[in-house]
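Protein sequence lines correspond, in order, to chains G and Z.
Quick note: the first sequence uses this note's numbering, first residue 1, plus one each step.
Quick note: the second sequence uses this note's numbering, first residue 109, plus one each step.
Treat the hints with care, as some may be off.
[Unchecked claim] Computed Cβ-Cβ distance ranges for the label pairs, DEER-style: (1) Z:G193 <-> G:N106: 29 to 35 Å; (2) G:I38 <-> Z:Y159: 50 to 56 Å; (3) Z:P190 <-> G:T87: 46 to 52 Å; (4) Z:Q199 <-> G:P44: 26 to 32 Å; (5) Z:N210 <-> G:R74: 51 to 57 Å; (6) Z:N208 <-> G:Q83: 33 to 39 Å; (7) Z:D196 <-> G:L76: 31 to 37 Å; (8) G:D77 <-> Z:P190: 23 to 29 Å; (9) Z:L113 <-> G:T11: 42 to 48 Å.
Just so you know, these hints were derived from the structure itself, not from any lab.
Backbone N, C-alpha and C fix where the C-beta goes; we use that ideal spot for every residue, glycine too.
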Amino acid sequence: MATMDKPRNETNGSAMAAFLASAIGSFAVGGIVLLDQIGLFPVPALYGPAGGVSSRTTSAALVWILAWALLHRRWLDKEVNGQAIFTWCLVLIGMGLLFTFPPFWNLL
Amino acid sequence: MGDQLFAPDSIWTMLHGIALGGGGLVTLFTAFFSLQLLEGSPSIEEDRPQYLFWLLMLIPGFLWLSVLAGTYIVFPRYRTTPPEGITDLIQFPKSFIQSNPNTIWLHSFAMETKEHLPWIPAMLSSAVAFVAVRYRLQLLTDRNLNRVARALLLLSFLIVSYIALLGTFVNKAAPLQ
């Protein structure tokens with residue numbers, strides 16, 4: 001197992017795919033909540049006792065997994081611009097956070 | 109009082125908020141601090157901070173369990189509709205806090221936030237855990253990977269702290285019993 005501890009100096013594509021996919025998932029959480037709030041994407045409850053939150057969050061999780069799978073496959077052996085991915089992560093997460101902020105819904 | 113404290117709903121709430129949410133907060137901060145401290149450390153290959161990799165895998169474990177318990181166990185109990193004609197709403201937290209103008213915000217703002225926001229740190233920390241498992245020491249030696257991982261952990265820590273604060277307010281006004 002000791003060999004696992006050595007730096008492998010892999011290309012960063014796989015890591016950047018995971019980071020960006022998590023940011024896309026964060027954006028999806030906010031985006032789906034916002035679309036539901038303004039009536040453009042009303043999702044029926046997946047689990048009745050929990051109500052619509054079960055389907056909104058599950059949909060976002062599916063977007064996250066799908067984005068991760070696609071990006072991972074695309075960037076697996078590639079070196080990706082880390083700075084650009086970092087910036088995109090911050091933008092997408094920021095938008096996701098804003099869209100889940102209830103006072104923001106009232107502005108629309 | 110003892111009956112209320114150790115009622116099943118109360119235990120689930122404590123497990124969700126204190127054990128799992130609290131565990132997430134502690135591990136998030138420890139991992140963030142360790143990544144900051146160990147970045148580019150010259151003795152990193154000798155030190156082999158195994159604890160950090162275990163810690164980074166533990167975080168999404170805590171957060172996902174907390175999120176799922178919150179969404180599928182605690183929240184349904186919180187939003188239970190009281191039967192017709194009932195006047196004492198204390199057993200029905202959502203209706204109880206909505207019945208008082210001073211606490212309405214605890215649902216319209218705090219709970220509405222708590223329903224969705226926790227899924228974000230769960231996803232972000234999962235990405236960092238994946239990178240830790242796949243890249244091992246490269247996470248500490250590669251400045252760019254380290255920087256993104258630290259940023260996501262810090263964001264997750266701040267979000268979970270905020271959610272925990274809102275949860276404390278809701279539970280203080282209308283605890284699940």
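Please write out, lowest number first, the hints stated earlier that are contradicted by the structure.
Result: hints 2, 6, 7, 8 and 9 break, sorted rising.
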